[in-house]
Amino acid sequence: MVTVEIKMNTFIDEIRANDLFGKKNIIWKLKSVNVLVGKNGSGKSTILRSINSLLKRDTNEDLKKSRVFNILLNNGISIKHTVNELNTDTDKLIASLSEISKSIRGTQSSSKQKNKIDRLIRDVLENKNSVRDIKISSIESTNDDVHEVINSELISTVNMNANSVMALIGSDGESKTILDMEISAESKKLKDIFNNSNESYLEIKKRLESVLNELFIESRKSIKINNGEIVIQWVDNNGYLTIPNLSSGERQLIYIMLKAANTSLEDTILLMDEPEISLHLSWQEKLIDSITQINPNCQLIIVTHSPAILMKGWMDSFVDIKNIETMADK
Amino acid sequence: MTEFNDYFLSESYLESYCIIKGIKGFVFVEGLKDISFWRGIIERIYDGDHCITYASKDGTRGKTVLKAHLSKASQFAIFALDSDFDYVCPNNNTYSKEINENPFIFQTLAYSKESICLHHSVIEKCLSDIRVTEPIEFPVESYLSNYSSIIYDALVLFLFRKEKGIILNDDEFHKKIKPDAPSIEHNYSLTNDPFNEIKSNINDIQEFYKYQNEEHLDFLAYKKELIDKGLTNETAVYFINGHFFEDSVAMPLIKALISEFKKTEFNKVKVECGSKTQLISDRKTELFEYIDNVISFDSLVQINTDKYNSPFALDIIKNHG
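Chains as they are written, first to last, in the numbering used here: chain F, 1 to 330; chain Y, 1 to 321.
Some hints here could point you the wrong way.
Straight-line Cα separation of at most 30 Å, DSS-like style, residue types lysine-lysine; simulated pairs [said to hold, decoys possible]:
hint	chain 1	residue 1	chain 2	residue 2
1	Y	K268	Y	K255
2	Y	K24	F	K221
3	F	K65	F	K322
4	F	K29	Y	K33
5	Y	K67	F	K312
6	Y	K24	F	K206
7	F	K221	Y	K21
8	F	K312	Y	K268
9	F	K224	F	K206
10	Y	K255	F	K7
11	F	K224	Y	K21
The hints are simulated quantities; they were obtained by calculation from the structure and are not laboratory data.
Source: prediction; values computed, not measured.
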């Protein structure tokens, strides 16, 4: 029997969001491969970016779209971002702040502190009615070292797609797209693995070459990895190609696979937003298998509108966001 | 805005999808291990390409996954499933009904793929291919037919209760009809009666699943329906749980026969080699490696095409051809 087990030591067990967009709660139990579907504007990408931000301990606007966003790991550790709305009576708040301000005297640094509080008092006085919109966010975790044991990588294909056409002139005078530069950066990481650990590198190289060749044979290309460098040839005449010679879909695929390869040495949550963009149906169908072959140590969380992603054995991995949400209490 | 579930597997969406892929349609099977069997069936029904794919990496969940999408079965999304008890108990649940009524849902018509792949005709052919000097000679058909006749009445009673919507424990039923391991000795003769205990308990088993007197006419009609579906006192074995049939009925017999075959062939080697112990040892290794690997029963079953001529496979092909 083939079973799909999570091979990682640390992975996400559950995602909980309270008051997402101020109107719904999310409870999402995760497996090794998770595909989130649903209508546009339902919060799928927000959830994806919130996971990434929270795992990186980076408070951003997406996290603030939920009152509480909580990641529960399999080892019992919880990482929680909370937005605390200022719920205090404004007059009482001004009185309290004034008391604090009056009590501060003395040093230069306390003077700065006093100025800050006085500014806040002025803000509150000027915006009495909207003071409730002031949000103070905080991240707390039951274990502060959690970011050291779980890595998170977000691949936004929408951005990647734009980056595949946006050309910049490098210092060497050559025109390169942002995606080309990102691929170069990933290639460099692969070279670093090659320089640091030959054993790990050989294993990664074997898996990466095998998967890329299986995919690229469809466009009659073969791929070799020499000392971390990607070498592409036409199958029919052995002519060489460079990365910028490839189509945007091909370059996106190489980038995704390099990301999967470079994160395979540590437990990684790989987050992908609409990876189907620019990919032929047969590549979409092979995407999850390809990534999990290259990197068996990752938990995949994918947001998509494409059924093709699920066609090869992943029909039990998708969840519609409407099935994991409930109305938030008013 | 259309919901994902509305276009996922929908006929209109898949029609375009199939054009892009250059295929006639998809066939969704339960798991990876079902692909080869169903490819054989599909190739005997359709000309041209169908993409045979599977629902879940965990084949044991495949049918459950596909059940959620049964209504989407179409010419572009054929579902190919083990019947389990759905074919013989069409009113057991709403899924059973749909499986039996949708022409684009293919089912095994026996309990499962294993029931067809281990049909007596297939077992006999594969055993006849396991040959070094002498063939294995054993009446597999009558062994399975004998077992069928012993369990037939109990099985029909059990199925009747299920058809009536009564929740029964399938494992409990199968435990009651588990034969003893067959003992095979010289000339492939059976030296015990593996069905003895079942025979002595059969009245209790039937009593356990008995129906109410007022259901008698219903029962007779149902029994007739089962006969029309191919479930008789000679074929009952193919309608019990397929894994149970494989693990507890067919394979114990096959293993015992192959074990006796190895013993017989090895005895011949010993006679040929006389007192040359090293030669005996070398020949034994070679012989057993050949039997276990080159002509292994599992690999012979895998490549055997007689399964597509078994009555169940022929019915699937006829129903959808």
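Evaluated hints:
no.	hint	verdict
1	K268/Y with K255/Y	holds, 20 Å
2	K24/Y with K221/F	holds, 27 Å
3	K65/F with K322/F	holds, 17 Å
4	K29/F with K33/Y	holds, 28 Å
5	K67/Y with K312/F	holds, 17 Å
6	K24/Y with K206/F	violated, 35 Å
7	K221/F with K21/Y	holds, 20 Å
8	K312/F with K268/Y	violated, 50 Å
9	K224/F with K206/F	holds, 10 Å
10	K255/Y with K7/F	violated, 36 Å
11	K224/F with K21/Y	holds, 28 Å
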